[in-house]
Each structure stands twice: as C-alpha cells, then as structure tokens.
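Chain order of the listed sequences is A and B.
Numbering of the first sequence is given in the numbering used here, commencing with residue 633 and proceeding in unit increments.
Numbering of the second sequence is given in the numbering used here, commencing with residue 13 and proceeding in unit increments.
If you're looking for bench data, these hints aren't it; they were derived computationally from the structure.
Using N, Cα and C, we set each Cβ at its ideal position, and we do this for glycine too.
One or more of the hints may lead you astray.
Here are some chain B residues pointing at chain A (derived, C-beta under 8 Å) [as the list claims (entries may be wrong)]:
1. M72
2. S157
3. F204
4. D213
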Amino acid sequence: MQPTSHDFKANAHRALGDPNLQRAMDMMRTGFPVNRAAAIARLPEFDALRDEGIAIKNHVIANLDFYLETFEKNVVAQGGKVHWCRDAAQARETILGICRDAGAKTVTKGKSMVSEEIALNDYLEANGVTPVETDLGEYIVQIRHETPSHIIAPAVHLVKEQVAESFRATHTHLPPDRPLDEARVMCDEARTVLRAKFLSADIGITGANFLIAETGSSIIVTNEGNGDLTQTLPKAHIVLASLEKVVPTLEDASTLLRLLARSATGQEFSTYTTVSTGPRRADDTDGPAAYHVVLLDNGRTALLGGEFQDMLRCIRCAACLNHCPVYGAVGGHAYGWVYSGPMGAVLTPSLIGIEEAGNLPNASTFCGRCESVCPMRIPLPRMMRSWREREFARRLSPQAQRWGLAVWAYVARRPRLYRWVSAMTSHILSLVGGTRGRFRTLPLVAGWTDTRDMPAPEGRSFMSQWAAREKRS
Amino acid sequence: MSGTRDQILGSIRAGLGRGRLDVQAISALEDRVRTHRRNLIPARAAALDHQGQIDLFVAMAEEVHATFTRVTDVDAVPGAVADYLAGQNLPARLVMTPDPKLDDVPWDKAPLLDIHKGIAADDDAVGVTACHAAVAETGTLMLVSGPDSPTRNNFLPDTHIVVLRAGQVVASYEDGWDRLRAKGAMPRTVNFISGPSRTGDIEQRMVLGAHGPRRLHIVLIDDARA
Ligand code: SF4
Chain A
633 MQPTSHDFKA NAHRALGDPN LQRAMDMMRT GFPVNRAAAI ARLPEFDALR
683 DEGIAIKNHV IANLDFYLET FEKNVVAQGG KVHWCRDAAQ ARETILGICR
733 DAGAKTVTKG KSMVSEEIAL NDYLEANGVT PVETDLGEYI VQIRHETPSH
783 IIAPAVHLVK EQVAESFRAT HTHLPPDRPL DEARVMCDEA RTVLRAKFLS
833 ADIGITGANF LIAETGSSII VTNEGNGDLT QTLPKAHIVL ASLEKVVPTL
883 EDASTLLRLL ARSATGQEFS TYTTVSTGPR RADDTDGPAA YHVVLLDNGR
933 TALLGGEFQD MLRCIRCAAC LNHCPVYGAV GGHAYGWVYS GPMGAVLTPS
983 LIGIEEAGNL PNASTFCGRC ESVCPMRIPL PRMMRSWRER EFARRLSPQA
1033 QRWGLAVWAY VARRPRLYRW VSAMTSHILS LVGGTRGRFR TLPLVAGWTD
1083 TRDMPAPEGR SFMSQWAARE KRS
Chain B
13 MSGTRDQILG SIRAGLGRGR LDVQAISALE DRVRTHRRNL IPARAAALDH
63 QGQIDLFVAM AEEVHATFTR VTDVDAVPGA VADYLAGQNL PARLVMTPDP
113 KLDDVPWDKA PLLDIHKGIA ADDDAVGVTA CHAAVAETGT LMLVSGPDSP
163 TRNNFLPDTH IVVLRAGQVV ASYEDGWDRL RAKGAMPRTV NFISGPSRTG
213 DIEQRMVLGA HGPRRLHIVL IDDARA
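With the hints as constraints, model all of the structure from the sequences given.
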C-alpha cells in the first residue's frame, strides 16, 4: 500500500467530517475498553503476568539470533522450511515462488498485518494468483478495495449499511433485493461465499502471533475459525511472520496468550488458539502437505540497540489504539499506512522512514493512556516524543505542524485539562451505547484539529524546551 | 537465501553490540528451552481441587456460549447426544472421528443416530469428536490432530459435539502441554477452542458461527461424581 502518512493532518480533517466513520468510531470507543477493563479486573495476577511477559520478550530480544536459529532447526526437524527475508520485496517473491512451485491459482488468507505491510495481495494478483481474505473484516475491506483500519478489527471504520452495499455489489449471484440489514445475515452470506473458497484453495497463508523456538511451531489466534480452515484444507500452509514473534517455549507463549486476548478484545481467551507444527504427519488424514515459514525482517533488526528497541516487544493487541483519543477521533486510515494508533505512530516511521511518516508522532495528545494499557508497557509517548524531536531536528516540520506541536505541549502540561479529558472519557465508557458525537466535540480534539483557535501556550513551549536541550547537549 | 540468513543474523548481532554468543551462553539458553520452566500460573483454577476445576471449566465455557450435558456414566452419552440434537431440531446424522477415545461409548444405545466415522465433509451438519484436555482457567478445550482426529472435523460441521471425561479437565494450558509432551511427538495441530466460532467484525456486534461451528456442545462424563 502506498503510504499517505505524510498527509496525516489532511487525512484527519477528512475523517472528522465523515459521518459514517464517526458513527463507527463511536461504537468502537465503547466496546473494547469496557471489556478489557472487566477482563483484567477478574484476573488479580494480570500485572504480574505483564512483568513476566515483558521479561520473556526482553530475553528473546537480547538473544534473538539464538532463538531464530533454534526455531529454524526445529521447523526443519518437523519437515517444514524457513525462508529468511530481508525486506518486503524478498518476502513477496518468496511467497510467489512457493505458489508457482505448487501451481497455485487461489490462496486463502488468514488475517495478517505483515501481509498488509508487504502489500502481498496486489503483488500476487498482478502475478496471476488470486488472494482471498477470509477473516470477515479483512474480506469486507478487500472487496471494498480498502485497507484495514485497525490491527485486530479491520472493518471497524464501517457501519453495516456500507457492508451491505459492498455485499450487494460483489455477490451478484444473489437476488439484488435480498434483506441485508443485520450483521447475522451478512455474516451468513459471507460464510457461504467463503466456504466455497476454503474448499477450493490451493494454498493457505496465515500470519503468526507467536513462533515457538522449542518446537518449531507457529501460533495463530482467531475468533472466527477462518485461519484454521485456511491452514488445514489446502495442500500447503505458508506462515508469514516478522522475526520478533519468536518466543522460547510453549510455556512462554501461554503466558503471553494470557495477556493478548484480555488486552485486545477483553476476552478471557480467544475462541481459537491454534498451534501448528510442520506439515501433516505421514498417517494424518488431513492437513497441509507442506509447511513454510516466511520470516521477515523489514527494518526490525535496525531497531535493536536503539531507543525504539522496546517496540519489538509489541504483541499487536491493539489496546493502545482502543484507548487512544486521537485514534478514536480519526480512525486508522488517517494514519496513512498499515499500522495506526500509538503503536503505528511509533512503528511506521521506523519501518517506512521519518521522511514519509514525519507527521504521525504528532498524532498524540500525550495523555499516556496507551502506555498505561499496553501489556508490554512499551513507552509509546516517550517514543513518539523522540520521533518528534528527530523530525524537528531534520527540519521536516512545516510551520503548521510546529503550531500543532505547541498545542500538544500546551495541553500536555495542563493536568487539569487532562483529568477532565480522562473523566469525560470514562463517563463515555460507562454509557455503553448512545454516545454518538460526544467525543468529537471534546475541546481537546477540536483544539487539535484547529490549532489556531487554541490559546497561545504559556510557559515553555515544546520548541523552546527542545532548543534548550539541544544547547545543553 | 542463506546469504540473507547470515545478513539478518549479522545485523541482529550488530544491533545488540556483540558477536556470536559463546558456548556457555548457548548452553544456558538451550537449558532454558529444554526445561521449559513454567511461568506464573493464575490461582483461579490452580488453587481449586479437581471437582472445583470441573465446575470452573463448565462455568467458563458456558460464559463463551458452549452448552453442556453432564452425565455420570459413559452409557448415557449416546442418549445425551440424541436428546441434544432433537432439542435443537438438528438432524440425527453425524460424522464422528474414528478416535479410540470414543470406542467405549455404546453408540448402539441410541439407534436413531446415523453415525458415519471418518473425515468431515462440507455437508456434514453435525460432528462428534473426543478431545485431549479441557482447561478450567478459561473454559478452553484442547484438541490435537492425529490419524484418528482430523483437524477439519473441529471446524467444518455447523454443530460440534465434544465428548469430555472429567479426568481430562486440568487447571491450566501448561497442564495440557505436560500431558501432550508425555504422549510423545508434537502433533501437526493443537486446537484450543473456547466456545463456538464468532465474529464482531460488523459494528462490533457478536455473531456466532462465523466460519467454524455455530454451536459447541460438550457432553461431560462426570464419572467421579457417580
Ligand atoms: S504497543 Fe502495546 S498496546 Fe499497542 S498493540 Fe503493541 S502491545 Fe498492544
């Protein structure tokens, strides 16, 4: 996907004026945070598990070479193959190569953000292989020729009328006047259409939430079961995973899994957690005959040893998106690339360059909620600040953007304003449903969209602080 | 590709500011993997006695929309399956995995059930399987693939019926792993299943039966209680 992250401000303005998007975002803001809070309140050990999870990830990062080599050794011992890929192009070519060798015409796909990152679908399509997304949300955005707007809820930016419209436009073999006014009915329709695809696909491609060094396994987590049909029915299973997904043992994965679903959707455990190890065994009666792991770097190893290294702990739970006032106001597409919300604001400049994504680290009120809900306690606000300073140092900031910075600095230094915003937010969260439009009119967000209306910053602005720091160093 | 592998490993080491790990460090890491030490296990299930774990499993699985018939004797299983299907207005024809764990169920006690053993097809509406374990902590079933337990049988039929024995209920995922390791090699697939398939992808409204089963019914043989 062609990034438009440099246009964050324009994208955000458009998003705030899009009534469907605003209706959809209202629904999102109420659901996930309430469910997460309830799930965590039920597990007294949650914080202790967080500390253990962080320790596991830090340990893996410090010994990443060992764990990747061990993982590979065990994949091979189980009859699978690991393909190391430096960048997106190499990963795309590798996957196409596997498809060609298998004579594949159609591939079904489980949800994979790494697949979005490497823009796999367009590439396969251009080379004569038809990719079919099977996660309902991914399927919806695929038939709409859009990209996911959320890392775990790809179609969260849409209202059901938009989905119905796309189904009518795509499923033209069905009566045009059929009723499509309920999620239930649309889900059934997609189920029938996709069941046929599952049964006829040549290859299944999934992502991975974790890779297990001990056993050479990959783990996917879904609620629909689409990933399972994707990787069970075709003759080959390709796992596309970035290399920081590796963990030492099944026990370590179990600890991280206790954090993942609770942080993501507030579920105790996702409906399906599936551990795949190699191809089908000689006497198995189903399962893929080949198992490939495409292991992608694409800029991650460059984060090692630097100030963004902790970002490699991210388990892609989306809690930081679900609790971000900026994400909640403008949605994921405004961020202009695959990853959105606070984790996207940090990761996108790391992966596609600050020249392209320079505006994103400004997409924050620095309220700190992302860091406080992040199961991996990733210091997202500090990292965004750090990108902002770098961007500033490189003089990539246009004048308007500097105004924006001043406003954030202004708000960030006013605890009362923040307390008010938080109080307002929890009030909103307590009203499940019936909250339309409220958030959009928060003065904070209004100030952010129209910087010039904000009062001039008192005290030391971000810029003067930054200048002072530069002088000191 | 091996050039790429070396490049990636090289940039990892460069980023971490070190060379290759020495022999001692490697053997410590190998030990960590081999011993697969447990991390913190929540007390929720681990602190209960076995009967408490069984009850917790049922409560947690019901929370995620699994349904149960609890019987005290394996002889009651066929009747429980037949009654469930009749109660749901479902056909009495079912596909059953040829799993030896189901062999001591006297299926002929429910002559109306039309059972065929083997791998599920797209038009099989009802499937019966056994399972490997059931994790009380979150109401999660653990199923493993093998020659007698094809994975697709857990996903293709619209109604999935699982026959579970009380002795298979464990506290944690880790207990499930230990039991699996005790059996030998890793299977191709381990499925942890918590309730029927679902999606919230349209306006966050939960709909059951997205791609996998719409219903998950567990027949729990609570023989300890008999
Ligand atoms: S940064 Fe933290 S909260 Fe955000 S997706 Fe990653 S792990 Fe989850």
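Checked hints:
1. A least Cβ separation of about 7 Å between B:M72 and chain A falls short of the 8 Å threshold, and the interface hint therefore holds.
2. A least Cβ separation of about 6 Å between B:S157 and chain A falls short of the 8 Å threshold, and the interface hint therefore holds.
3. Given hint, B:F204 at the interface with chain A, holds; its Cβ is 4 Å from that chain's nearest Cβ, closer than 8 Å.
4. Contact between B:D213 and chain A, as hinted, is supported at the beta carbon level, the nearest pair being about 4 Å apart and thus within 8 Å.
Hint check: no violations occur; every hint is consistent with the structure.
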